[in-house]
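S.K.: Below, each chain spelled out in residue letters.
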Amino acid sequence: MASSNASSNRRDFLRLAGLGGVVFASGCAGTAGRGAVDDFYFVQLSDTHWGFEGAPNPDARGTLPKAIAAVNALAEGGGGGPDFVVFTGDLTHTTDDPAERRRRLREFRELATMLKVPTVHFMPGEHDAALDRGEAYREFFGPTSYAFDHRGVHFIVLDNVSDPGASVGDAQRAWLADDLKRRPVDAPIVVFTHRPLFDLAPAWDWATRDGAQVVDLLMPHPNVTVFYGHIHQAHHAMTGHIAHHSAKSLIFPLPAPGSQPRRTPLAWDPALPYRGLGFRQVEREGGSPPVPGREPWQVTELPVVKA
Amino acid sequence: MTAVRRRQVLALAASLALAATVRGAAPRVIPVVAKKFVFVPDEIRVAVGEAVVLELSAPEVLMGFSAPELGLRADIVPGQPTRLPFTPRQAGQFAFSCDVFCGSGHEAMDGVIVVGADG
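Residue numbers (the numbering used here), protein chains in the order written: chain A, 1 to 307; chain B, 1 to 119.
Treat the hints with caution; some may be incorrect.
[What the hints assert, rightly or not] If we take Cβ atoms under 7 angstroms as the criterion, some of the chain B residues that face chain A in the derived model are:
{"id": "1", "residue": "Gln-80"}
{"id": "2", "residue": "Ala-91"}
{"id": "3", "residue": "Ala-95"}
{"id": "4", "residue": "Ser-97"}
{"id": "5", "residue": "Asp-99"}
{"id": "6", "residue": "Phe-101"}
These are calculated hints, taken from the structure and not from any lab test.
Every residue, glycine too, gets a C-beta built ideally from N, C-alpha and C.
Kindly produce the complete structure, drawing on both the sequences and the hints.
M.R.: If you want it as structure tokens, here you go:
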């Protein structure tokens with residue numbers, strides 16, 4: 001079990017190593033009544049787009065291995081490694097060729113085995129799953145939506161990409177409602193999804209068609225946080241008391257929502273390679289009873305390579 | 001009134017009459033083809049108050065048409081042309097895009113509806 005000391009050591013290590021980016025705390029203050037939660041952290045990687053080739057990333061085949069090495073270095077740095085890694089979709093870059101799609105998924109899966117962590121959780125993005133409604137993805141990684149529990153936190157993986165129209169759909173929403181019903185209303189819950197569940201930038205297709213209905217299901221629960229990908233940048237927003245945090249990509253960054261007419265990738269800067277790319281550490285500060293006013297999730301952005 | 005000035009007034013009156021006729025007539029149908037990975041045309045010009053119908057078709061795969069600022073969206077099913085009527089009420093440029101993931105060029109599949117005072 002990760003102790004508070006280990007947690008402090010890890011933060012000290014990140015600070016001294018110059019690795020930690022902006023730290024963002026999220027969650028809800030009023031957490032009385034929920035069960036015991038241990039301190040731990042996980043790592044979120046997103047939008048690796050394995051198979052992409054193009055000017056926005058001249059090191060497309062090297063970036064993910066570098067990120068994996070950086071994650072493995074967390075464990076070697078003295079603070080202890082993450083309890084698990086989650087990839088929040090777009091593992092591969094899309095292709096019309098089903099055989100090529102499977103080749104990319106297979107290569108990606110082999111790369112992910114290089115992670116020295118106890119568990120890796122996967123989920124699809126539209127690039128992996130929308131053209132065949134998740135058929136190839138499931139062959140390699142199993143179900144596109146599922147739930148698991150870890151150290152007192154309930155994690156829910158929602159699929160809003162296998163439908164090319166970006167809907168979660170009636171069946172999955174019914175499954176979500178049933179899953180939520182079977183735990184205390186104030187249970188700590190994390191939702192992983194690929195697309196934003198709220199209308200971040202509908203003109204850029206940065207939304208989920210029935211996302212508002214999903215948020216309605218989550219709204220009665222006071223301790224819900226959403227982590228997602230898709231938009232290739234860190235972004236933090238609230239729908240009521242629910243915090244939504246998007247992650248950086250590991251292939252190319254995209255412009256801020258609605259900041260320019262088209263959502264074209266930001267150019268690679270040879271003077272600052274990997275700028276705008278990265279992954280994140282998400283740390284749970286647990287305890288029972290929780291400390292009033294203390295935010296339970298701390299997000300630390302980390303670069304692919306040290307500056 | 002000089003002859004030149006008289007001609008200008010008559011031209012303006014004719015222009016206004018034509019505009020009124022257009023606004024009272026059947027909606028103008030604008031064909032829009034959604035194919036991998038472009039809308040044709042990708043710039044649609046209409047006038048404020050002009051009733052138009054976008055006649056959407058997709059010859060290859062399922063596509064979407066979404067112009068959220070105008071409240072317009074539709075699936076475009078191959079073999080089933082979709083008609084999307086609207087009458088813009090304000091001038092401006094309104095982005096539209098495909099919101100059904102259709103392949104490697106999906107993210108670049110977009111366009112703009114330009115609503116002008118005179119189309």
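S.K.: Against each hint, give a clear statement of whether it holds in the structure.
M.R.: Hints versus structure:
1. Gln-80: 15 angstroms, violated
2. Ala-91: Constraint on B/Ala-91 not satisfied, violated at 17 angstroms.
3. Ala-95: 5 angstroms, holds
4. Ser-97: 6 angstroms, holds
5. Asp-99: 5 angstroms, holds
6. Phe-101: 4 angstroms, holds
Hints 1 and 2 from the list above are not met by this structure, while the remaining hints are.
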